[in-house]
Amino acid sequence: MRDQSSPSRPSRRGVLFGGAVVAAGTLAAACTSNAEPSDGGTAAQGGTLQGDNDKPGKKVTIGFSAPAADHGWMAAIAKDAEAQAKKYTDVDWKPVEPTNDINQQISAVESLIQAKVNALVILPNDGEQLNQVARKAMDAGIPVINLDRVFPDKLSYRTWLGGDNYGMGVSAGHYIGKKLKDAGTSNPVIVEVQGIATLPLTQERSKGFADTLKTYGFEVTDQQAAEFTVESGNRVTTNLLSAHKKIDALWNHDDDQGVGVLAAITASDRDEFFMVGGAGSANAMREIKKGGVLEATVTYPPTMAGSAVKLARLIAQGKGMADLVELQVPQSITLASETITKANVDTYMPLGFES
Amino acid sequence: MSDAGVDERGEAPVSVSKETPEAGPPGVPWWRRPPFDDTRHLGLVLALLLLCAVGAITQPDNFLSTGNTVGILVLAATIGVITVGQTFVIIGGGIDLSVGSVMALASVWATTVATQSYGPAVMALCAILVGTGAGVVSGLLISYGRLVPFIATLAMLVAARGLAQRLSDRRTQLVQQENNAIVELSTTKVLGLPLVVYIFLAVGAAGWVLLNRTTFGRRTFAVGGNPEAARLAGIDVRRHTVLLYALSGFCCGVAAIIIMARTTTGSSTHGDLYELDAIAAVIIGGTLLTGGRGTVIGSILGVLVFTLITNLFILNGLQTSDQLIAKGAIIVVAVLLQRRALRSPT
Chain D
1 MRDQSSPSRP SRRGVLFGGA VVAAGTLAAA CTSNAEPSDG GTAAQGGTLQ
51 GDNDKPGKKV TIGFSAPAAD HGWMAAIAKD AEAQAKKYTD VDWKPVEPTN
101 DINQQISAVE SLIQAKVNAL VILPNDGEQL NQVARKAMDA GIPVINLDRV
151 FPDKLSYRTW LGGDNYGMGV SAGHYIGKKL KDAGTSNPVI VEVQGIATLP
201 LTQERSKGFA DTLKTYGFEV TDQQAAEFTV ESGNRVTTNL LSAHKKIDAL
251 WNHDDDQGVG VLAAITASDR DEFFMVGGAG SANAMREIKK GGVLEATVTY
301 PPTMAGSAVK LARLIAQGKG MADLVELQVP QSITLASETI TKANVDTYMP
351 LGFES
Chain R
1 MSDAGVDERG EAPVSVSKET PEAGPPGVPW WRRPPFDDTR HLGLVLALLL
51 LCAVGAITQP DNFLSTGNTV GILVLAATIG VITVGQTFVI IGGGIDLSVG
101 SVMALASVWA TTVATQSYGP AVMALCAILV GTGAGVVSGL LISYGRLVPF
151 IATLAMLVAA RGLAQRLSDR RTQLVQQENN AIVELSTTKV LGLPLVVYIF
201 LAVGAAGWVL LNRTTFGRRT FAVGGNPEAA RLAGIDVRRH TVLLYALSGF
251 CCGVAAIIIM ARTTTGSSTH GDLYELDAIA AVIIGGTLLT GGRGTVIGSI
301 LGVLVFTLIT NLFILNGLQT SDQLIAKGAI IVVAVLLQRR ALRSPT
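The listed protein sequences derive, respectively, from chains D and R.
Its first residue numbered 1, the first sequence is counted upward by one per residue in the UniProt record's numbering.
Its first residue numbered 1, the second sequence is counted upward by one per residue in the UniProt record's numbering.
Same shape as in the complex, but just chain R (with noise of 0.2 Å):
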């Protein structure tokens, strides 16, 4: 199909220009425009700012050591995998609640002895397909079955971690020594930083690529900002639900490697209440939840800030009660930001 036009007709009323792909000046090769195209970031990045004061000034030995910046990246990196796939979903007009339970069925079910015993390759193979397929299945009870997506999605969620209790029989899986690998990939360091660092920055530079600068991620904006005008002008606006869910269960699959390495286990456990972390990053990240607009910038700051967020916390020794309280604040305050944007004229 043509994809020349289709995105001016494709282009809901809400998406405005300046938010969407197209705003660099026509003509212009991808590469020589400007990553960003508006300060809509300045915020997120004042507000990661602001948290590196306060941690430099509570804690100044501790807060700026490596150990701690490599610790944080570390960290971000399960969930900021997540957010990516989470973003595509949500600026596509939908919702996935089952990320947790995804990543955590991928973890148990690439431990399993079976697969384990084909080694470390087979094993993240193995996590990525179940992830991916897991997002197939939603995706196709969406488009196809017609559900809901927060129907659809809280099914896999309860679904899921059903499944992983039972492959695992609720036990905890060790990652075996001949699987070291897998494990490696958090304790291996290239220029000071972990691998699974590089695996968030990668996933997160390709999710940026495919959002911004290919058909793929055009026809998202258009189908998130108005599925019927996306249909219209010839986007087939049912595979590429399906295409997004996927994408988003890939992310997980991606999650749960790296989960395997930080935790060197797979677990029936892991990623619990993930979803609700992935959702408020994305949109303190700016995404809108009704869809058609958002950047994954913003969503991989939004992770950082509540990673950062728990960090300070615990440097400064208070407690995880006060953590919730501080995380649903900012989801407040940065939701009503955001409406007040969406008010003013762009």
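Next up, chain D with everything else stripped away, as it sits in the complex (with noise of 0.2 Å):
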């Protein structure tokens, strides 16, 4: 989600220089113990699909590729991919190596078709450029499950599953909307820290957002573009809380920036207004919990990982969704944004992400 248009530069520079650098900064790395504390339990979903679903079934092979892990999120997805997989004993998780390389990646994919694995899960760093691997592979039988970033043509994948972006505006929307709507407040001063702003997900996030307010009579005041990072979030936020005297409502596309967000706010002493994030980490959820400036976070769950799993499951072994009438998966499945606060942060604690 989070790194469309930015495939990692370092790394790739990195391929060229330093390598003896890297190897005696291994070895120092290696003394460093640094151990994150336990994941906030991503993996425990499971068992919502009704029925004898879970039950043993056909042994298939599933093939998963996805970018490298270059934030929180895109971490979580990995690990709940795999602890998902790790549930079924009639599965053979077949993951490669995570990359932002784009060529990397379809090569990948290409010898997870020579493998002939019985289902394909795929998160790519871009739909368009991945598009054709994909499809060569649906060509080949092989179902692929594309996984948030949707491939382009139709014809390469069986299911799409992925997040909603414009949900997200729309659910933080409503929550800044109706609360203020609620005080009573007229012409509130309401501010947006985005995510990089060239991204489409970005711009379909902040459409959202201004078509909801728009419901409720308001606008957004002002939108400043942060680099998805808590560098970035927090030297925005600083100059935005300058550029305001009052502010009424905030909203940030992301909560692994969100900790630098934060960290502005507190340092600028200001609490007159109350601040939505967005994507569910397990951090935001404990500032939620904890009562503060930050009220509430929109969801766009690094879960929907597992979900692609368990489709990719049932699609290898001809079956259907349980709670649907239908026979067959269905072919396209979008994912609420959910709003966490106060009131149910308890319930989507173990959901929640280590940023």
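There's no promise every hint is true.
Said to hold, decoys possible - Simulated restraints on C-beta separations:
1) D:T215 x R:K189: 41 to 49 Å
2) R:G317 x D:T347: 32 to 40 Å
3) R:E184 x D:N187: 51 to 59 Å
4) R:L49 x D:A183: 37 to 45 Å
Because the hints were derived from the structure by calculation, they are not lab data.
In this text, a Cβ means the ideal position worked out from N, Cα and C, and glycines have one as well.
Combine both chains into one complex, guided by the hints.
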């Protein structure tokens, strides 16, 4: 989701230079323990499909390819997919090395096609550029479950499953719009800290937000782009807080950069407004629970990876989804963007990912 | 080794005497010499005043508020500290492309669970040691490994970023509650300014003294101006080069402490593209990219110009892409002016 337009620059240059320094560094890295606080149990979900679908069935091999885990969200994607696959005794799990290099991802998927897996779960670095190889898989009779970033060509995937960027804006817009309306605020100052402005996903989020606010008679006062990093979130927010002496509400598109946004708010001693986040990180959920400026976050759940693996298994085994009348798995599933507040944070906590 | 007379002989033809620390009247002790011996920063000061005027006119309420001034100084602190180190490296005839990555690495290393369990002082020390260590590695590669500075620090740029990603598992590492002393550096205010601003000022002042009032500073000018002449004058050029990069790394370590305080995290994504900002600030601050000439004050003014531009753009609701264009234009204009100044006889 995050790095559609920013394939890892450093790592590619890294291939050329500095091998020796890396080797020395690796040795040093091994000496510093760095156990992250245990992951918030991103893999805890499961058993949501009814009926006997979870019972062992025909043995299937599922291949998996995704971008490198540059952010908490992407790290959670890989972890979640793997955890879900390991739950089934009838699934042979074949993940390939995650990479931000489009060519490498193409050849990785090709190797999975050669290996004749029964189904493929692909989160492409770029839907357009991975389209051809996905199509090749489909032509070879391997069903492709397209995760999140969509392939433009419908012949390239059997089922698409992903998040709703427009819906994130809608959820955030409803929370902010309703709260301000109920408080009787007129002409509120609503500011938005976006992710990378050039990404279509960012534009969709902002459009959903603006469209929803309009139904309350409000509009976005100011929006600034950050770069999905803690540091950029901090820098942009520090300046935004100066730009507006009084703010009523702030929507930050991304909980990873939200850590920096919150730090800027704390340093400025401002608390006249409330903030809504995006994505649903465990960290944001803890802040919401604690009570403070961050009142809510809207989800873009990485658990979609686990769901995609479940669907891949069902498709490969020729089963349908027990909650539907259909005999087969649907062609397209868009996740809902839910709003997490203090009232329901405990329910969502197990799904939160560590940023 | 004796330093008497070193500077006359070590001076390169390009490092015109007016720009060197020896410009003061001979025999006057350093504390009596004026801090500025000419008007070369006038342009930058004027640019800063102009930007302030634009801010005061377009956003009179917001721009002149204390909150905004503090915000600008806090944001300038991180890059400012890095720029001080970069100034030394560039005056010494080199370039350090790795500053952003080294800062990220230092912040990540300082926020590992192992380091955090020993408390804030160890975290700060760790950041500085890691930064300085990375600088020493670059310096050794350049002076004894005979790598071009551009290549050696480019290698460090990618390697340090990779190592930071590896150490952190590409996650954002929060500064834990019990180490809040780090975070408090940006929230605790003395005389209205957060402590990180004082760190910035202290590094700037120390840098100025080191460059203008010590043997180390004189040798830096000599090495950058003409390394062969410096060698003949008895300066251990290779050792001095290592020290310069170590100093730059040290500054990255200090900057890592500031960024940990500012963002409450250590992360491998910190300091992305800082090398460009730092080098640009040094250049528009009047330091020659070819070495031998430059000032710390100019670099700091350069950082303030860039930070102010970003601030003014966001205050006026303009987009990031426009900021980049403005920055680019400023760099070009500054370098063109510099070239004219060089051509004119001093």
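Of the hints given before, which are not true for this structure?
3
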